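When we follow the UniProt record's numbering, the leftmost residue of the sequence shown carries the number 1, and every step to the right adds one.
None of these hints come from the bench; they were simulated from the model. What you are looking at is a predicted structure, and each value in this text was computed from that prediction instead of being measured. Certain hints may be false.
[Said to hold, decoys possible] Restricting the straight-line Cα-Cα distance to at most 20 angstroms, the calculated cross-link-like pairs of lysine to aspartate or glutamate (EDC-like) are:
id : residue 1 : residue 2
1  : K113      : E186
2  : K130      : D147
3  : K177      : E161
4  : K213      : D240
5  : K213      : D188
6  : K130      : E92
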Amino acid sequence: PSFASDNKPLDSIMGDLRSGKILTDLPGDLILACLEFGDTKMAVKMAATSRAMKKLITTKEGNLLWEALISRRFTGYSMLPRDQRPKCFRDEYFTRVSSPRVGDCVEVLWQGKFYSHTLGEHGTMGFEGKAWWQASIVAREPEAGGDGNTYYYRSHFPGWEAKWDEWITRSQIRWPKPLDHNSELEIDVGDHVEVLLESTRVPSVWMEGDVKKVTIDIDGVELFLVTGMKRPRHIWVRRDNLRLLSKRYVDHKACVPCFPRLFSGGCAFRSATQHHQQPQQADDRPCAMM
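Can you make the complete structure from the sequences, with help from the hints?
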């Protein structure tokens with residue numbers, strides 16, 4: 001609707017999209033609704049660039065919108081006494097998502113060997129590679145000599161004894177995503193994905209890999225050959241056991257809806273390019289939140 005009211009030619013509209021002008025003029029309450037499903041980096045960019053956002057954070061109405069957002073994301077805020085409630089829910093929101101607290105359920109990046117019963121007919125299989133494990137934060141300590149805002153986190157893995165708890169950095173943590181995250185998007189050869197690996201005694205694990213081949217079996221079921229793990233070298237999985245992380249690079253100029261200027265690292269094509277051209281260590285990989 002905003003495009004039609006502007007009465008601009010298509011080339012001009014596409015230019016505004018690439019520069020982020022239309023994006024930054026969105027209503028603040030609409031932006032906040034979008035942030036509920038976006039990641040923290042996107043939220044920070046939006047708060048810094050949107051004129052509507054800047055106006056919202058200085059008003060009582062804006063604070064109420066941020067309060068509603070954080071109450072949907074995290075429990076307990078609605079039960080706080082008035083004198084213990086944050087004065088600025090916007091600041092509280094960014095603090096909350098950037099630094100997990102004791103009791104939070106998260107996913108932790110861990111690379112090592114483990115076994116899974118995920119593939120039924122194949123029985124128990126051994127795996128090794130980059131995987132995200134369900135965990136809870138049981139303690140956190142400020143980094144020695146730091147600014148007081150950087151912490152080490154002690155994570156506990158459900159189904160495992162406490163002796164397997166470990167201290168980790170923020171870069172090894174991400175907020176859990178819905179099981180159907182990106183389920184409406186097609187997965188093609190070259191896409192970076194996560195494979196759901198289930199176990200009989202511990203929660204499911206998401207293991208990263210790349211799609212090498214797509215085929216359909218005699219029953220009409222779509223199957224994906226995923227590679228990139230240390231063990232096994234490849235594995236066939238169904239679509240309902242996959243979650244798309246980033247699309248393969250095709251043509252970055254065509255990636256207008258991702259707004260790469262505002263959301264560096266948020267563009268699927270750009271992320272895929274960085275993934276293939278500049279492999280990162282586990283501790284350096286930016287955390288994918290929400």
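Each hint tested on the structure:
no., hint, result
1, K113 / E186, "violated (30 angstroms)"
2, K130 / D147, "violated (30 angstroms)"
3, K177 / E161, "violated (25 angstroms)"
4, K213 / D240, "holds (16 angstroms)"
5, K213 / D188, "holds (8 angstroms)"
6, K130 / E92, "violated (32 angstroms)"
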